[in-house]
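Residues per chain are reported as follows:
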Amino acid sequence: MSAYYDENELDDNVPLSGSLLHKLGGVIKPHWRTLLGGVLGIALVAVADAVFTYLHKEILDAAIIAGNKTVLWKLFEYYIALVVIQSIAVFLFVYFIGLQGERIRYDLRKKLFDHLQRLSLSYFSKTPLGWIMSRVTSDTEKMGDLLTWGIVDSTWASVNILFASIFMFIINWRLAILVVLSLPVMLFVAIKFRKRIYYHYRLSRKANSKMTASMNENITGVRVVKALRREEKNLENFKVLSSDMFNSSYRAAFLSALFLPTIQTISAFSLAMVLWQGGIMVENSFITIGGLQAFISYIMMILWPVQDLARVYAEMQNAVASSERVFSLLETIPSITDFPDTVEITSLLGDVDFQNVSFHYEDDEPVIRDLSFHVPQGNTVALVGPTGGGKTTIVNLLCRFYEPSEGVILVNGQDYQDFKLKDIQSRIGVVLQTPHLFSGTILENIRYGRLDATDAQIEEVAKLSGAHEFITSFEHGYQQDVGEGGNLLSVGQKQLISIARALLANPDIFVMDEATSSVDTLTEALIQKGMHQLMEGRTSFIIAHRLSTIKHADQIMVINAGRIEEQGTHETLMRVKGHYYNLYTHQFRQELETRLDPFNSKNNEDSRRN
Amino acid sequence: MAQKAHTYPPCDMQCVISSKPLISLWHLISGFHWQYFGATFFAGTAALARTGVNLFLGYFIDQILIKRQYGTKLIEAALIFAALIAGQAFSSFMSGKLAAQTGEGSTRRLRDYLFNHIQRLSFAYHSEAKTGDLLERATSDVDTLRRFFSDQAIGIGRITLIFIINLTAIYRINPRLAGISVVIVPVILVVSLLFFKQLSKSYASYQEQEAVLTTNLQENLSGVRVVKAFARQGYEIDKFEGNNAEKLRRGEKLNMMHALFWPISDLICAAQQITSSFIAALMAIDGVITVGNFIAFAGLLGWLIWPVRNLGRLIVDTSRALVSFKRITNILKVPEENLFIASCQPENGVKGDISFDHVSFEYEKNHPVLQDVNFSCKAGQVVALLGSTGSGKTSLVKLLPRFYEVTSGRILLDGVNLNEYSRDFLRSQIGIVEQEPFLFSASIRDNITYGMKHEVSQAKVEEVARDAAIHDVVESFTNGYDTLVGERGVTLSGGQKQRVAIARALLINPRILILDDSTSSVDMETEVQIRAALENLMKDRTTFIIAHRIQSIMDADLILVFDQGRIIQSGTHAELLSQPGAYQEIYEIQTRIDNALQEEIDNVSLL
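Protein chains in written order, with my numbering: chain A, 1 to 610; chain B, 1 to 607.
No wet-lab data here; the hints were simulated from the structure. We put the beta carbon where it would ideally sit given N, CA and C, even for glycine. A hint or two may mislead.
Claimed, not checked - Per the computed footprint, the stretches of chain B lying under chain A, defined by three or more beta-carbons under 8 Å from a beta-carbon of chain A, are:
| hint | segment |
| --- | --- |
| 1 | 54-68 |
| 2 | 74-84 |
| 3 | 151-157 |
| 4 | 195-208 |
| 5 | 224-232 |
| 6 | 293-300 |
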């Protein structure tokens with residue numbers, strides 16, 4: 001089933017290709033207004049930042065040094081106006097970009113989820129659940145960041161540098177050249193730093209997840225740890241992991257601490273040069289005092305856009321890799337879809353035929369080999385045999401979760417691939433071995449079988465399935481919350497609810513995977529009763545574990561290694577004294593032992609405290 | 001990456017527990033106090049250097065540019081500038097580095113300590129505690145503390161120092177200006193505190209919705225067969241859409257808060273800056289202060305006002321760190337179980353005579369699980385425990401390795417009271433094979449040798465694996481004994497896991513053995529194999545078998561039948577069979593089953 005996978009081991013060396021850019025453009029396109037608003041806002045902020053410094057220069061030169069209060073008043077009016085404009089710009093950019101980020105993430109999640117609903121079961125059986133989850137949760141976050149803050153930060157930084165440079169050139173072009181020349185050096189160093197920091201940061205994330213896993217295992221297995229006196233050794237092993245974590249985490253923090261000071265020191269050189277050269281220019285009146293002061297401000301502030309650019313650049317690769325994964329999921333083609341020219345059907349009643357059906361996953365060994373059988377309408381088929389023999393696959397084929405690699409499956413004489421998927425699946429009722437419920441109330445869970453069912457109808461099927469009694473014993477009755485995945489209910493109760501759910505759907509074909517886990521005798525009897533309700537008048541396929549189910553089937557098939565090994569009724573198969581005979585006698589002993597064991601009737605809470 | 005020796009200043013975390021959280025936090029970084037002081041000190045020198053730059057700029061303009069003192073003075077000034085900036089850079093680097101040492105170092109120590117502490121807490125504690133909760137405290141709460149030490153603890157000090165230094169500098173330029181410039185500070189502080197408090201609330205609600213969305217997604221994915229079986233894709237899409245849209249809505253609200261706070265706080269700060277600068281500019285024109293002073297003041301002012309805006313965030317984060325810290329100390333407060341205290345430790349191990357003398361035991365007060373249990377057995381004998389779930393048989397065997405202590409009465413091992421042996425020693429003498437053994441996600445070899453304190457040769461591992469009837473299974477894997485167990489490797493069946501546990505117990509070679517004998521979930525062939533493996537294991541050891549079926553215990557030297565914590569019958573198979581009671585009843589069932597089965601088969605043949 002789900003293969004092992006660790007989010008931190010994913011490859012991030014994905015180059016930003018043209019086609020990817022195109023796709024990213026497609027994601028932004030519906031939001032071009034907010035993007036435009038955000039980019040304009042941030043650009044305005046950046047320009048205002050540069051103008052402020054220039055305004056300071058004017059205040060110094062034209063008002064203070066010149067001793068002119070009228071000009072001072074005027075300049076301060078400008079100043080106030082600029083502050084107000086910038087505040088509005090800040091509001092606009094934070095508002096628009098934030099909005100855009102939320103909306104893009106919302107879009108991506110929606111697209112992914114909708115697409116996932118279309119994918120076939122085979123996709124889910126070969127893809128780890130955690131992998132899919134990460135695509136929908138963390139990758140959409142990273143993509144959202146790239147398409148908002150990535151754009152905005154780099155815009156701010158570029159515009160800021162651009163306008164600071166323009167003003168510097170206006171004030172004095174010779175000094176400006178000096179400053180502009182130092183920029184590439186700063187940028188180069190900053191990017192190097194940022195990449196290293198990011199690298200160590202990612203290492204620490206990896207170390208952290210290993211550490212957490214080790215901690216988790218030690219807590220869940222603490223009884224074995226104690227019994228086998230592994231405390232010392234496990235602590236030693238853990239110390240290696242926590243030391244890895246410390247090393248990478250400290251390294252990242254150390255580099256972060258070193259990063260800005262290094263850039264600052266580089267800028268200190270250009271500052272000293274500017275002061276020295278600028279001082280000489282003041283002497284010769286090539287530059288005013290205010291102009292020199294403005295230069296100092298520009299130099300001291302330029303490290304912020306530089307560090308922002310470096311950060312965006314360093315983290316972009318990871319976000320690009322996230323985007324690539326998101327798109328690859330969106331581009332996965334469902335392996336089972338409706339064929340053209342499907343026929344409308346209103347029921348799936350009729351005989352079911354498997355004709356020379358074989359099935360294999362992609363290039364694997366066949367799981368089902370040349371299987372043929374005929375089931376008359378209304379009959380019950382019990383599938384028995386060892387785990388991995390192919391029983392579940394047969395059922396999945398019948399539900400068209402998978403399609404035959406060879407051969408055909410006929411319902412009422414017609415190939416079921418001529419029907420619409422939705423038509424087939426809404427007419428087959430399925431009860432799984434481990435019943436799956438959704439968070440919500442009992443009522444909602446039963447209603448899942450037919451969305452327009454009234455409360456009275458729901459109560460009716462609950463009575464038929466034998467679930468009504470325990471439901472009404474709950475404090476909130478049908479409104480009782482079942483918990484995440486139904487985990488507030490017992491296995492038996494979940495099964496009864498899933499039977500009621502299937503009953504409500506009123507299917508033409510009924511498929512059930514009987515539970516192997518034991519439930520108490522009363523519940524067991526209720527489940528049996530519910531099943532009979534469902535089998536009544538319907539063609540039924542049961543992956544059977546209980547003797548009574550098997551015995552009452554019209555047909556029994558022993559499935560092993562993808563083939564039918566024995567087929568017939570209980571009586572005929574018993575007389576053959578083959579696989580079925582062995583299976584039956586073994587099961588017979590076990591069931592009776594369980595049922596007759598005087599210790600088994602009492603259930604106590606002590607079993608939970610192991 | 002090179003493996004550094006994991007050393008750090010020692011600290012007994014028990015000293016961390018104190019009713020005053022600040023004192024506790026101080027203890028938590030013991031051994032890093034100098035680093036912490038250093039970090040704060042350098043934060044101060046960085047602020048001083050930064051202020052120095054502004055002051056010197058004023059001096060430079062007044063004394064050099066306006067007084068036209070060029071030549072070497074100019075070069076000197078340029079160098080002083082560069083030196084001040086470099087000084088600031090160096091100081092911030094040192095401050096950051098020392099803060100990281102404090103934060104990373106003390107939390108690594110805390111993590112190691114917690115790991116060890118948790119694994120040494122009693123069984124009673126672990127059976128009550130939730131794994132997820134313990135894990136959360138040992139990881140994300142510790143991480144919150146790490147951030148506290150490397151960011152907030154230094155950050156609050158840094159901002160305060162910057163404020164004081166800049167205010168002093170402004171005061172020395174002109175006391176009136178200093179007074180005017182701080183008018184707005186309380187306002188900013190309050191606004192920022194309120195905002196970040198509200199923000200953290202809204203953020204929590206946003207994250208809550210994120211959790212809802214994740215649950216929705218996970219349930220949809222794990223229930224994909226149900227969704228498809230009922231063809232409910234449309235319904236699922238609508239449901240997800242509802243939660244997704246709610247997240248969007250909460251995100252938009254969060255966004256609006258940011259969009260309002262930043263420009264408004266900008267305006268507040270700017271109002272102060274404009275007013276103060278304007279007054280200062282007027283002063284400069286009137287000659288109250290020099291031009292250089294004005295420039296210095298303008299620079300200092302920014303450093304006085306803007307950092308205060310962040311103080312709110314730091315304070316709110318700090319209160320969050322205190323919550324995390326409290327959750328951690330709650331674990332630290334729980335006493336560890338002592339493994340080594342002992343007054344008796346035989347050098348050659350124990351023989352294995354065991355007797356229970358009026359033993360009673362309860363997990364909770366007044367809910368006895370075992371009542372007045374009396375029996376004894378000789379070394380090498382087999383004791384079988386029979387009874388329903390909850391009758392006390394599992395609890396009884398947990399007393400032997402002292403996972404729990406008896407409530408009253410005593411257990412004697414070789415005539416010595418059990419609590420005179422250390423837990424560590426006892427556990428070295430006892431092997432346990434559970435019904436569903438817990439295997440670690442390591443190689444099969446590591447799982448077999450898990451209880452050994454020294455290296456074990458491959459030959460020895462294979463030998464015990466053969467005796468445990470698991471060797472052939474292991475050999476069939478591509479990587480043999482190096483095959484990983486669990487998520488990353490193979491999934492072993494219940495029966496296979498049990499045999500690995502048997503091999504593990506064989507290797508330890510204990511004097512006393514505890515078996516939870518359940519073969520009901522395995523097929524016939526496996527059952528035979530496990531039974532053979534168990535027989536190998538039980539040879540010459542005092543064995544306690546928790547039996548679920550009568551067939552496996554007929555040869556036991558002593559059979560104890562439990563009901564509601566009491567022994568209701570005891571004796572050998574033969575003895576018990578001759579007296580009416582539960583045991584006889586069970587045994588008769590076996591015959592009845594055989595008869596029923598025969599009847600069933602006969603019925604079929606008659607048809």
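Hints, verified against the model:
no. : hint    : result
1   : 54-68   : holds (count 7)
2   : 74-84   : holds (count 7)
3   : 151-157 : violated (count 0)
4   : 195-208 : violated (count 0)
5   : 224-232 : holds (count 9)
6   : 293-300 : holds (count 3)
Violated hints, in rising order: 3, 4; the structure is consistent with all others.
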